[in-house]
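Novice: Chains as they are written, first to last, in numbering that gives the first Met the number 0: chain A, 0 to 428; chain B, 0 to 428.
Possibly wrong hints are sitting among the right ones.
Derived CB-CB ranges, DEER-like [unchecked claim]:
#	chain 1	residue 1	chain 2	residue 2	range
1	B	Val-176	A	Lys-403	19 to 29 Å
2	B	Gln-174	A	Ser-212	38 to 48 Å
3	A	Ser-171	B	Leu-117	26 to 36 Å
4	A	Ser-212	B	Leu-156	42 to 52 Å
5	B	Ser-171	A	Lys-403	34 to 44 Å
6	B	Glu-314	A	Arg-382	54 to 64 Å
7	A	Thr-151	B	Asn-345	51 to 61 Å
8	A	Ser-212	B	Arg-228	52 to 62 Å
9	B	Thr-227	A	Thr-231	49 to 59 Å
10	B	Glu-314	A	Gly-394	51 to 61 Å
11	A	Ser-171	B	Glu-314	49 to 59 Å
Chain B residues, not near chain A, derived (Cβ > 12 Å throughout) [stated by the list, open to error]:
#	residue
12	Ala-148
13	Lys-247
14	Lys-403
Hints in this document: simulated from the structure, not taken from any laboratory.
Every residue, glycine too, gets a C-beta built ideally from N, C-alpha and C.
Number of protein chains: 2
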Amino acid sequence: MTVTDGGGLSRRGLLGLVGTGVGAGVLGLGVGIGTDRAVQAHAGGSSGASASYPFFGGHQSGIVTAAQDRLHFASFDVADGVTRTELVELLKDWSYAASRLTAGLDVSPTGATGGSLLAPPDDTGEATGLPAAGLTVTIGFGPTLFTTADGTDRFGLASKRPPALVDLPHFSGDQLVAAASGGDLCVQACSDDPQVAVHAIRNLSRIAFGRASLRWSQLGFGRTSSTTRGQTTPRNLFGFKDGTANVKAEDVAAVDDGVWATASDGAAWMDGGSYLVARKIRMTIETWDHASLSEQQTVVGRDKGEGAPLSGGTEFTAPDFAVAASTGGGPAIAPDSHVALAHPRNNDGATLLRRGYNFVDGNDELGRLNAGLFFIAFNRDPRRQYVPIQQALSGNDRMNEYVKHVGSAIYAVPPGASRDGWVGETLFG
Amino acid sequence: MTVTDGGGLSRRGLLGLVGTGVGAGVLGLGVGIGTDRAVQAHAGGSSGASASYPFFGGHQSGIVTAAQDRLHFASFDVADGVTRTELVELLKDWSYAASRLTAGLDVSPTGATGGSLLAPPDDTGEATGLPAAGLTVTIGFGPTLFTTADGTDRFGLASKRPPALVDLPHFSGDQLVAAASGGDLCVQACSDDPQVAVHAIRNLSRIAFGRASLRWSQLGFGRTSSTTRGQTTPRNLFGFKDGTANVKAEDVAAVDDGVWATASDGAAWMDGGSYLVARKIRMTIETWDHASLSEQQTVVGRDKGEGAPLSGGTEFTAPDFAVAASTGGGPAIAPDSHVALAHPRNNDGATLLRRGYNFVDGNDELGRLNAGLFFIAFNRDPRRQYVPIQQALSGNDRMNEYVKHVGSAIYAVPPGASRDGWVGETLFG
Numbered sequence: 000m001t002v003t004d005g006g007g008l009s010r011r012g013l014l015g016l017v018g019t020g021v022g023a024g025v026l027g028l029g030v031g032i033g034t035d036r037a038v039q040a041h042a043g044g045s046s047g048a049s050a051s052y053p054f055f056g057g058h059q060s061g062i063v064t065a066a067q068d069r070l071h072f073a074s075f076d077v078a079d080g081v082t083r084t085e086l087v088e089l090l091k092d093w094s095y096a097a098s099r100l101t102a103g104l105d106v107s108p109t110g111a112t113g114g115s116l117l118a119p120p121d122d123t124g125e126a127t128g129l130p131a132a133g134l135t136v137t138i139g140f141g142p143t144l145f146t147t148a149d150g151t152d153r154f155g156l157a158s159k160r161p162p163a164l165v166d167l168p169h170f171s172g173d174q175l176v177a178a179a180s181g182g183d184l185c186v187q188a189c190s191d192d193p194q195v196a197v198h199a200i201r202n203l204s205r206i207a208f209g210r211a212s213l214r215w216s217q218l219g220f221g222r223t224s225s226t227t228r229g230q231t232t233p234r235n236l237f238g239f240k241d242g243t244a245n246v247k248a249e250d251v252a253a254v255d256d257g258v259w260a261t262a263s264d265g266a267a268w269m270d271g272g273s274y275l276v277a278r279k280i281r282m283t284i285e286t287w288d289h290a291s292l293s294e295q296q297t298v299v300g301r302d303k304g305e306g307a308p309l310s311g312g313t314e315f316t317a318p319d320f321a322v323a324a325s326t327g328g329g330p331a332i333a334p335d336s337h338v339a340l341a342h343p344r345n346n347d348g349a350t351l352l353r354r355g356y357n358f359v360d361g362n363d364e365l366g367r368l369n370a371g372l373f374f375i376a377f378n379r380d381p382r383r384q385y386v387p388i389q390q391a392l393s394g395n396d397r398m399n400e401y402v403k404h405v406g407s408a409i410y411a412v413p414p415g416a417s418r419d420g421w422v423g424e425t426l427f428g
Numbered sequence: 000m001t002v003t004d005g006g007g008l009s010r011r012g013l014l015g016l017v018g019t020g021v022g023a024g025v026l027g028l029g030v031g032i033g034t035d036r037a038v039q040a041h042a043g044g045s046s047g048a049s050a051s052y053p054f055f056g057g058h059q060s061g062i063v064t065a066a067q068d069r070l071h072f073a074s075f076d077v078a079d080g081v082t083r084t085e086l087v088e089l090l091k092d093w094s095y096a097a098s099r100l101t102a103g104l105d106v107s108p109t110g111a112t113g114g115s116l117l118a119p120p121d122d123t124g125e126a127t128g129l130p131a132a133g134l135t136v137t138i139g140f141g142p143t144l145f146t147t148a149d150g151t152d153r154f155g156l157a158s159k160r161p162p163a164l165v166d167l168p169h170f171s172g173d174q175l176v177a178a179a180s181g182g183d184l185c186v187q188a189c190s191d192d193p194q195v196a197v198h199a200i201r202n203l204s205r206i207a208f209g210r211a212s213l214r215w216s217q218l219g220f221g222r223t224s225s226t227t228r229g230q231t232t233p234r235n236l237f238g239f240k241d242g243t244a245n246v247k248a249e250d251v252a253a254v255d256d257g258v259w260a261t262a263s264d265g266a267a268w269m270d271g272g273s274y275l276v277a278r279k280i281r282m283t284i285e286t287w288d289h290a291s292l293s294e295q296q297t298v299v300g301r302d303k304g305e306g307a308p309l310s311g312g313t314e315f316t317a318p319d320f321a322v323a324a325s326t327g328g329g330p331a332i333a334p335d336s337h338v339a340l341a342h343p344r345n346n347d348g349a350t351l352l353r354r355g356y357n358f359v360d361g362n363d364e365l366g367r368l369n370a371g372l373f374f375i376a377f378n379r380d381p382r383r384q385y386v387p388i389q390q391a392l393s394g395n396d397r398m399n400e401y402v403k404h405v406g407s408a409i410y411a412v413p414p415g416a417s418r419d420g421w422v423g424e425t426l427f428g
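Same shape as in the complex, but just chain A:
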């Protein structure tokens, strides 16, 4: 991959790094020798993963990319008074920095230690010595960037809002918390080393200083989906394999049909992009843990060990909803099981490319772990994919007894940036 040569952080971006009240000023930045993390020795982190993914390209990385093990997801609100020009500058700054971070570099050539002693370093430094570790940075635009609730067209984008970027409806059982929902912009940072993912969100947040601020953010410690055939299927905190039937990168036809938006879908600037739905799903694991193995398997529609559908076979055998239960009395896979309700066959063929992560946010006052699944799905058109699937699930899923949706957000994820370009160029350019 190539890092943009002609770019660099904007003056505003550099000011964000310096902050206010610091004597040195921006002139101190850009001075000194470069810091190239990638050529330094690996000095920490478990994975030693040397994978790196391109930032520039037709699609953003972090969608069909083999799901990395760790996540830091951040939702941002653009500050009041920021102009369209300043928003574009922020996206250029983020793209420049992300193109470096995903290559295992600091956010700027002077980086963590190469600048003036009298100025704050450009890069916060906690990833110094670590490789790219498969980092991807995926940027999206929330509905409120286009049209606020009161109809204000903040950035002259109202006419560009894609019809597929719907406001998600209220789903049965939703118990959404504002502090974990919505947002003007999102950044999904995935890496095999959590320190690298945290470093990315922290530094992009810092670059945004004064222009956009964190609305909410979420760490995920373990992936719950595979997005390529070469990956083993991980387990969620219900103890079941998750993502067995996920859309895989190798299924080009399925990816084209279900993930990538096209110019003819209603928003030409989204050609090659996708729509990201994020849902913070709290699992009431103590209740789940007291359910019998039979109940758990009936809820999921698969057996717990192998992950095979209850209609028989092995993990990757297609579920057969017509097979009767060996015990009699109905189908082997309950019609209100999670597998049955989520299956494309029961949703007009609709699929999702899932990229979720397990989370634990401490515990509540009753000693119950605040645990669950941070669900992320990419889809070409939420109106015919995520929304109807979730309507079926929220109304009838046996799993609802054990889950509570507490966070919700949707973003239009534009196509990848052209070489030396920036994410959003097709929208603003």
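Could you slot chain B onto chain A? The hints should help.
Specialist: Frame of chain A, contents of chain B only:
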């Protein structure tokens, strides 16, 4: 390593797994084939680390063990009305389960899927298919297990309270939150795979159902210390190398002098044990990020890139507090720098074996990351090690402008369990 053969979960422990109101009852448990995670294929997680550490032995693992990359730490309170006999049973159950978990096994032979279909599985299953991943489970006893604030001797242990297990004093600047402080028992689960660490805490918490409950818990995503010479030095969220001068396992004399309690230290049952101090330290990283590189280095007393003391040399060069600054005007290492104040030379030779972790718990309403360092230190006698060192730091450390201690706890960590024995046998036995 060997897993206890004669043991097994107590009836109370099994009841904890089944919960209340479930028809199957405990008879369903123990039926079926065993589930041996270790012989299953590795099915997720990044590290692929196949390391495993013994649970039984003279010392508990997880102290001088090479610091694993991820942490789930949990503090428990024993439930009202629990008897001494029941507390012993809990410790036996935990020890049995931990001896299996650290070997890459489920918590019981029937495990996640080998039990009755009509009963809840013994094991929650999210680590099925994962290796031991270097898991250690380290158990400790808080001061309140021995003597409550009102002087009640809950378990007949008051006379056994080690003199070194002091109530930590209030340190200057402490802003402690009850919900992140104290506790009757602790379990430190470290692993190179966070899913394995979370699985351990979740399952031990489940086994404790009705006997002890989570008071607080903390995930840490990146280690901030090395405890063996073979490990590279990681970085904390200030972007600096941390733990360069840490006590290392190979320094046998230093470990014996500074980590392991002996029979003559005042509590014979602690022979081979140690004292764990946990401090949740919130870093005000936005303020730090606006400080100049010079200020940051002066605060720490080391340079940011290499980690060398400001008196010169490279990372592992001993700091020389007599060397004058090249700019004149005083010593190169400020006397109120973190390195100077924490150095053994300035603390009557006192050392700490640190085992801390970086954390990020989302962000606050102002968009600032709730980030910091979950500090863990093992020491032989906190009265002459942690307490005076922290008194020096809390009073004078230049770093105090950028940190806030919000959680605090101390535990006596008994010696390791004898083969087929249990942690705490020297106290209760």
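Novice: Determine for every hint whether it applies to the structure shown.
Specialist: Comparing the hints with the structure gives:
{"no.": "1", "hint": "B:Val-176 to A:Lys-403: 19 to 29 Å", "in the structure": "holds (25 Å)"}
{"no.": "2", "hint": "B:Gln-174 to A:Ser-212: 38 to 48 Å", "in the structure": "violated (24 Å)"}
{"no.": "3", "hint": "A:Ser-171 to B:Leu-117: 26 to 36 Å", "in the structure": "holds (30 Å)"}
{"no.": "4", "hint": "A:Ser-212 to B:Leu-156: 42 to 52 Å", "in the structure": "holds (50 Å)"}
{"no.": "5", "hint": "B:Ser-171 to A:Lys-403: 34 to 44 Å", "in the structure": "holds (42 Å)"}
{"no.": "6", "hint": "B:Glu-314 to A:Arg-382: 54 to 64 Å", "in the structure": "holds (56 Å)"}
{"no.": "7", "hint": "A:Thr-151 to B:Asn-345: 51 to 61 Å", "in the structure": "holds (59 Å)"}
{"no.": "8", "hint": "A:Ser-212 to B:Arg-228: 52 to 62 Å", "in the structure": "violated (43 Å)"}
{"no.": "9", "hint": "B:Thr-227 to A:Thr-231: 49 to 59 Å", "in the structure": "violated (30 Å)"}
{"no.": "10", "hint": "B:Glu-314 to A:Gly-394: 51 to 61 Å", "in the structure": "holds (60 Å)"}
{"no.": "11", "hint": "A:Ser-171 to B:Glu-314: 49 to 59 Å", "in the structure": "holds (58 Å)"}
{"no.": "12", "hint": "Ala-148", "in the structure": "holds (20 Å)"}
{"no.": "13", "hint": "Lys-247", "in the structure": "holds (16 Å)"}
{"no.": "14", "hint": "Lys-403", "in the structure": "holds (18 Å)"}
Checked against the numbered hints given earlier, this structure breaks hints 2, 8, 9; the rest are met.
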